[in-house]
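Participant: Here is what each chain is made of, one letter per residue.
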Amino acid sequence: MSDNVKIAVEEWLDSHWDSENRRELGSQAYDERSWLTKVVDAGYAAPSWSREWFGLGLNGRDVRDIEKAFQKRHAPGWGRDRFHLGAITIYKLGSDELKGELLHKLLCGPICCLLYSEPGAGSDMAGIRTRAVKDGEDFVVNGQKVWTSNAKEAEYGMLLTRTDIDVPKHEGITFFIFPMKQEGVEVRPINQITGESEFNEVFITDARVPERYIIGEYNEGWKSFQVAIASERLIMGMGVTARSSGLTSDKSPALLRLARKHGRLGEASLRQEIAQALAYRQLNTLNMQRAVEDIKQNGMSSLMSLGKLSMSRIQHGEARISAKILGPQVLLEDEEDARNANFDAAKAYMNSIGGGTDQIQRNIIAERILGLPKSADVDRTIPFKDVKTS
Amino acid sequence: MSEYSQEDRQAICASFARLLEENANEPKLRELIETRSGFDRELWQKMADMGLTGITIAPEHSGAGGSLEEVEALLEIAGGFLLCGPFIESCVIAPALLLACEDQEFAGQHLQAIAAGSSIFAVAGCGSSGDWDELPDVVAEQQDGHWCLSGSAHFVAYANVADHCLVAANVQGEIGVFLVAMEDPAITATLHKSSDPTQRLSTLSFDSVRATRLAGVDEQAWSGALVNGLVALAGEQVGGAQRIFTITIEYLKIRHQFGQAIGSFQSLKHMAADLLVELESATSVARHAARAIAAGNEDAATMSYLAAFTCADNYRRIAADAIQLHGGIAYTVEHPAHLYWRRAQSGQWAYCSSDRLRDLYLAEMEKNHE
Chain A
1 MSDNVKIAVE EWLDSHWDSE NRRELGSQAY DERSWLTKVV DAGYAAPSWS REWFGLGLNG
61 RDVRDIEKAF QKRHAPGWGR DRFHLGAITI YKLGSDELKG ELLHKLLCGP ICCLLYSEPG
121 AGSDMAGIRT RAVKDGEDFV VNGQKVWTSN AKEAEYGMLL TRTDIDVPKH EGITFFIFPM
181 KQEGVEVRPI NQITGESEFN EVFITDARVP ERYIIGEYNE GWKSFQVAIA SERLIMGMGV
241 TARSSGLTSD KSPALLRLAR KHGRLGEASL RQEIAQALAY RQLNTLNMQR AVEDIKQNGM
301 SSLMSLGKLS MSRIQHGEAR ISAKILGPQV LLEDEEDARN ANFDAAKAYM NSIGGGTDQI
361 QRNIIAERIL GLPKSADVDR TIPFKDVKTS
Chain B
1 MSEYSQEDRQ AICASFARLL EENANEPKLR ELIETRSGFD RELWQKMADM GLTGITIAPE
61 HSGAGGSLEE VEALLEIAGG FLLCGPFIES CVIAPALLLA CEDQEFAGQH LQAIAAGSSI
121 FAVAGCGSSG DWDELPDVVA EQQDGHWCLS GSAHFVAYAN VADHCLVAAN VQGEIGVFLV
181 AMEDPAITAT LHKSSDPTQR LSTLSFDSVR ATRLAGVDEQ AWSGALVNGL VALAGEQVGG
241 AQRIFTITIE YLKIRHQFGQ AIGSFQSLKH MAADLLVELE SATSVARHAA RAIAAGNEDA
301 ATMSYLAAFT CADNYRRIAA DAIQLHGGIA YTVEHPAHLY WRRAQSGQWA YCSSDRLRDL
361 YLAEMEKNHE
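Each protein sequence line maps, in turn, to chains A and B. Note that UniProt numbering numbers the first sequence so that position 127 is 127, with each residue one more than the last. Note that UniProt numbering numbers the second sequence so that position 262 is 262, with each residue one more than the last.
Bound conformation, chain B alone:
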């Protein structure tokens, strides 16, 4: 259950929104996406100073002790600004994995560094299939009493700015999670040009990289962390969908053709009404799933998969229709609609494809109704 009151949550969200209005507004975003790193470390430090990078980390490790409810609410804000950076990887997934580690002294140091903003984590969770619930292509083997990683990890978000990376690896047919330092010369990182300019994706090649295993972090802990990441991403997608939907509805009211606002035409009204159903459904399920995780409900995984594919698909549909509803103006790069659309496209494949998640959801429903 979340320790935060509704007022506390609203207050922290309001400060975060003010921070982003000042530091991550559209002109700043457009400057940032032209840079190679695509990341604003100064802003990250400000977020850390506000307690945001440690939002899921316990107070004993200098974190803010929040639950998935706070994470979801904050990411709705972030999504509206198309915030760039590994917030979900470094501040949601990595802390969940570190928390599951049996060696809490080792994990504690890293959690503290994440909360302080001094250390940024990437998470390498998949092979070229892109699905985080499959066995990764990276293989871990013990050599002279040390763990060594070999193989490649794909679609690693913001590996280019991370200090550390948690790598999911195949340990004799099971998933194990390993910590590596990104400065290790045995890691080759290839930064790609991403179809989504607000995202940075790399492929990492491991050539016998010495790694520390997160003791006790097994398949169950891995999928638990993944579920947290999925719901965090769902929140971000809701925020993005809300923003581009609002921009679109405002435009339908001010753009005139044939002597009337184009929003008075039924063909556009009906599209807008249908999109509102998609938007509200995404909002309801993202918030519900976050509450289910925070409360430790039995159906938390079911609801998380439902939230994940719903928010990914509905964001994509809303952003895609937003371009169509605007008409020509949104076919220009100066208009922000395509940025939301590209972000929504990349979200279709983050962690797991929507189709894969739909199948996982059905499998959970089958289990619940045997």
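One chain only, chain A, in its complex shape:
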């Protein structure tokens, strides 16, 4: 069975993909949509899905063989059943009608952006205020979203809206797949403290979304949203394990290089700090390796959720020690080392705030892993319109 799949995908790739020039065989240049359409139609974009919906009904080793065959030839389009959050969510929760209309289009296009956070709803996501009001066969949407990556490129966004303010906050939410390319959707880049602009604000003014684009049920969007973020956390977890391979064999740790370059490796107190920083990195790698073993044996691992906290300590710590190694020279950004140290110090907040702050993560660990009782959530049971705002 397994060998057949492997042989089939390799034959298919060899007759369709030009690995040397990284484009479709016989074409002059790489055309993403054309290539993705071929991969989707062959079933290789989402092999774990059912045959009815662009998949091959495969699992485990067969799926890995397909992904490996693509990776070996540098062919894009694999793993859309793992990484295309919009398509995954529609596949899991969409009606047959919605799947029929959008799934193929989503799989063949760019990834969806995520329209979740708002200026007034960060850690407390159920506090969102973007309104969607029914108007004929559509909903009319008004509100502001924030921290949206890829908002300029995306054709669709996954949109969390408030549809009922007379019920408690978790109960009046509806989740949509939302067309981005329309009037009333304005994307503005956010200027970050690192000097980068990876994220955007999205202003939505009288934009429209068809009722049939609801993901899951009307007013039960919180449940659908949980399914979507579970897929997202899985991807983030995979990212962590993919990055952390090799221990003492990986390239020379940056702090060691920096301290050596600036002649500070002989100082006892600095040695202690550098050693501890290197230790934190290796310990996180070891935890993630253990998580992978756990997942192989038991299908899950609670260690996965510790990576974010570890990574924050690593990144903030390394940035602080880098500055210490440089001394007052860190104030002068003419030098690359100083620029890097200052950039890293700011960038560390991306890990400790992004995707839910570390403080929220500590609550999650305490409640879901250690089984401690949930903190009081004072607005959980009152109608949303009575919830206090800042």
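Keep in mind the hints are simulated off the structure, nothing from the lab. One should not assume that every hint holds.
Said to hold, decoys possible - Result set (DSS-like, lysine-lysine): computed pairs, CA atoms no more than 27 Å apart in a straight line:
#1 A/Lys-68 x A/Lys-38
#2 A/Lys-68 x A/Lys-105
#3 A/Lys-181 x A/Lys-134
#4 B/Lys-253 x A/Lys-374
#5 A/Lys-72 x A/Lys-261
#6 A/Lys-181 x A/Lys-38
#7 A/Lys-324 x B/Lys-367
#8 A/Lys-223 x A/Lys-99
#9 B/Lys-193 x A/Lys-261
Guided by the hints, dock chain B onto chain A, whose structure is given.
Facilitator: Then chain B, alone, in the frame of chain A:
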């Protein structure tokens, strides 16, 4: 590589846990720490009968032929019970040194006796600095064709119950290892009151004590044995940390104030979540280092130093915060938290200080990334 399958290892750990539940439970521990010796020789014999004292000793010397992986797993169990006695010295470090001895007939007799439980070894590895990787204060000199030891060895664990002691000594600027019988009247042993009641520490003074040198046991063999001891201790610390952490989390669920379980307060939750990171990191690295030693990996020493200071420091932090998280109840001697805390404190200085180990680790990393 370990010869044991995962099932074998789990089985031996399960029997060890049952033995300790019956013979080293908290009431028994509290009785034992009030005694002068602080050691239960009957329990030791039962451990020997189960093959545990010979866990690292080869089957040809009547041992169980285990690797550091089994040692680490067993010590996680022992650590949870705050087991008292020179298990690491007598069953991990001493066998490693004896195994490195060129005279295997001489070493074999002792290994057999350790496995049988009839002989207990202490190991004297440091001077008053407490660091086992420094040159010891004991000096060895040859007189009339015999080796003689003079000077003092410090922080010798369970010398008060040992039959023999392996002594690291300064031989013209190099480390050599010597065997002495504890009954030798030229050895003066002073048993101290230890800050950790689950530990017994002595200072040994040697006044021209005749000793047998372990032929071929050089500095490299010494640091190899030390590394085994460090990882064994790391396993014990993981076990202790796991136990006191579990006790603490359970308490946070049942203790109520202001009409709710105190575990629902974020200030305590966040401490608990941070401690879980420390606990899991310690667990991962202790097990990884044990596997690295068992497999003879190149980075075994690096990983062992990393495991040693991580487990020592994280155990201390977890046990210290456990008292704080409990509040008043853990400020009483009747509560076990302080026993774990004291054990964790003493572990900060065992074999090498954490700071010294961190420095050794960095030195290894520098070597790996020149």
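Participant: Please work out if A/Lys-72 and A/Lys-261 have their alpha carbons no farther apart than 27 Å.
Facilitator: violated, 38 Å
Participant: Is it true that the CA of A/Lys-181 sits at most 27 Å from the CA of A/Lys-38?
Facilitator: holds, 25 Å
Participant: Is it true that the CA of A/Lys-68 sits at most 27 Å from the CA of A/Lys-105?
Facilitator: Between A/Lys-68 and A/Lys-105 the Cα gap is close to 25 Å, so the pair holds against 27 Å.
Participant: Run the distance test for B/Lys-193 versus A/Lys-261: straight-line Cα separation, threshold 27 Å.
Facilitator: violated, 48 Å
Participant: Between A/Lys-181 and A/Lys-134, is the straight-line Cα distance small enough, at 27 Å or below?
Facilitator: holds, 20 Å
Participant: Quick one, are A/Lys-68 and A/Lys-38 close enough, alpha carbons at most 27 Å?
Facilitator: Holds: A/Lys-68 and A/Lys-38 sit about 18 Å apart, inside 27 Å.
Participant: Are the Cα positions of A/Lys-223 and A/Lys-99 separated by 27 Å at most?
Facilitator: holds, 19 Å
Participant: Does A/Lys-374 lie within 27 Å of B/Lys-253 when you go C-alpha to C-alpha?
Facilitator: Status holds; Cα separation ~11 Å.
Participant: A/Lys-324 and B/Lys-367: Cα distance at most 27 Å?
Facilitator: Within the cut-off at roughly 23 Å; holds.
Comparing the model with each earlier hint shows violations of hints 5 and 9; every other hint is respected.
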